[in-house]
Amino acid sequence: MSTALGEKLRRLRKEKGYSLDRLAELSESSKSYIWELENKNPPRPSAEKLAKIAHQLDTTIEYLLDEGESLSTEDAADAKFYRQYRQMDDATKAKIRKMVKLWGDDT
Amino acid sequence: MSSSFSPERWAYEITHVLNAVLGAEHFPINVTAVAQEYSAHKFPNDPIARIVGDNLPGFDGALYKAPEGKKGWAIFYNNGIRSTGRINFTLGHEFGHYLLHRLVYPDGIRCGEQDFVQWDSTYGQIEHQANVFAANLLMPLDDFRRQIAPSSKIDLDLISHCSDRYRVSLIAATLRWLAYTERRAVLVVSRDGYILWARSSTPALKTGAYYRTSAGLIAIPVASLAAQRSTGESRATKDHGAGVWFPEPLTEMTVLSEQYDFAISLLLLSNDPPPFEERLRGVGGFPSS
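Residue numbers (our numbering), protein chains in the order written: chain A, 1 to 107; chain B, 1001 to 1289.
The hints are simulated quantities; they were obtained by calculation from the structure and are not laboratory data.
Please note that the accuracy of each hint is not assured.
[As the list claims (entries may be wrong)] Below, simulated EDC-like cross-link-like pairs (lysine to aspartate or glutamate); rule was C-alpha separation at most 16 Å, straight line:
(1) A:101 - B:1068
(2) A:98 - B:1068
(3) A:8 - A:62
(4) A:93 - B:1054
(5) A:31 - A:21
[Unchecked claim] The calculated label-pair distances, taken between Cβ atoms and stated as ranges, are:
(6) B:1024 - A:14: 40 to 48 Å
(7) A:55 - B:1180: 49 to 57 Å
(8) A:102 - B:1106: 16 to 24 Å
(9) B:1023 - A:91: 23 to 31 Å
(10) A:94 - B:1125: 30 to 38 Å
[Said to hold, decoys possible] Partial list, computed: chain B residues near chain A (C-beta under 10 Å):
(11) 1043
(12) 1046
(13) 1054
(14) 1055
(15) 1056
(16) 1058
(17) 1059
(18) 1064
(19) 1066
(20) 1067
(21) 1074
(22) 1196
(23) 1215
(24) 1219
Nothing here was measured: the structure is a model prediction, and the numbers come from that model.
Just so you know, even glycine gets a beta-carbon here, dropped at the ideal spot from N, CA and C.
Chain A with its partners taken away, still in its complex shape (with noise of 0.2 Å):
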């Protein structure tokens, strides 16, 4: 499954116009590692590839590995399973806390 890192890398390098190959060459990576980066799961991202990357797409390692805010126990409440950790931005979020409290308000 891709990742929250793994959309964001993926989103940096299309906004550069680069190729797979291109930001590999540059960041001395291989094709297929960021590849996976982007699209699979890898538990442990090396941290020297990855900041190597980071530089190529004018970002950093902590702006690629930042998860978001953490779960507020508003959100807990809201729903207990999640099908994916992937985190909703903030405007997505207030929408629908919105939506559930339009429902309560009608009468």
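Keeping the supplied structure of chain A fixed, place chain B upon it in accordance with the hints.
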């Protein structure tokens, strides 16, 4: 006891009601109407009280418990995605969670965006069950088999006909067909030159035509349609000799999906597979190598 019905059984129960009320020609299924009316009738004290779509990036759908003072459940879903087929499947999936899992997960269930593609991965039993329910509800097997007989050859037009008829994605319709066909066929979904996941029909699996993506990265053949760079949506069919995809000739039908940024390839093999020894000698080697 209905709470212990299997996903297939629930879907069958509802199909039965729809056949009785609307007649056999009731496709595509309006999941919003069916979920609300069926749940109100079957579980009047605990129905699906509302189904609301909004533009919700990063989100597919969720089953929510009613807030204090309200009864029942709600399905919220993202209507900001372009694929009506996927929305339909998401609604079926959440309806499945309601029927199958709401008593076990009394606080609701939320689903992420990529899951639909991950039909068969290790997401866990309840996700699988909700998908099985959605597939059976939206594409009842008896009706599907009337569209494409188990022994029939297939092409993209036929699959498209089914995805239109049931208002599901091309992948959902193809997976449904692969589950019962007597033909040898392999579905390969790839991105940037490597296979994301693949699924074989039973006759293909039993004769060695499969890809094991869990065993490591598998590159798609350079000569394949799936490897062609293209912008926008495109679909094409090509006959390949032995050694391109598998050590035997086959027909590749590929749809490049700009929307999801991947290639969907359906590989159709002869129903007379080469003998095992010849497959061993095949130029392309074994698929998993």
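Right, here's what the structure says about each hint:
no.: 1; hint: A:101 - B:1068; verdict: 10 Å, holds
no.: 2; hint: A:98 - B:1068; verdict: 15 Å, holds
no.: 3; hint: A:8 - A:62; verdict: 12 Å, holds
no.: 4; hint: A:93 - B:1054; verdict: 12 Å, holds
no.: 5; hint: A:31 - A:21; verdict: 5 Å, holds
no.: 6; hint: B:1024 - A:14: 40 to 48 Å; verdict: 46 Å, holds
no.: 7; hint: A:55 - B:1180: 49 to 57 Å; verdict: 51 Å, holds
no.: 8; hint: A:102 - B:1106: 16 to 24 Å; verdict: 22 Å, holds
no.: 9; hint: B:1023 - A:91: 23 to 31 Å; verdict: 44 Å, violated
no.: 10; hint: A:94 - B:1125: 30 to 38 Å; verdict: 32 Å, holds
no.: 11; hint: 1043; verdict: 18 Å, violated
no.: 12; hint: 1046; verdict: 15 Å, violated
no.: 13; hint: 1054; verdict: 6 Å, holds
no.: 14; hint: 1055; verdict: 8 Å, holds
no.: 15; hint: 1056; verdict: 5 Å, holds
no.: 16; hint: 1058; verdict: 4 Å, holds
no.: 17; hint: 1059; verdict: 5 Å, holds
no.: 18; hint: 1064; verdict: 6 Å, holds
no.: 19; hint: 1066; verdict: 7 Å, holds
no.: 20; hint: 1067; verdict: 4 Å, holds
no.: 21; hint: 1074; verdict: 6 Å, holds
no.: 22; hint: 1196; verdict: 6 Å, holds
no.: 23; hint: 1215; verdict: 13 Å, violated
no.: 24; hint: 1219; verdict: 8 Å, holds
Of the hints listed earlier, those the structure fails to meet are numbers 9, 11, 12, 23, in rising order.
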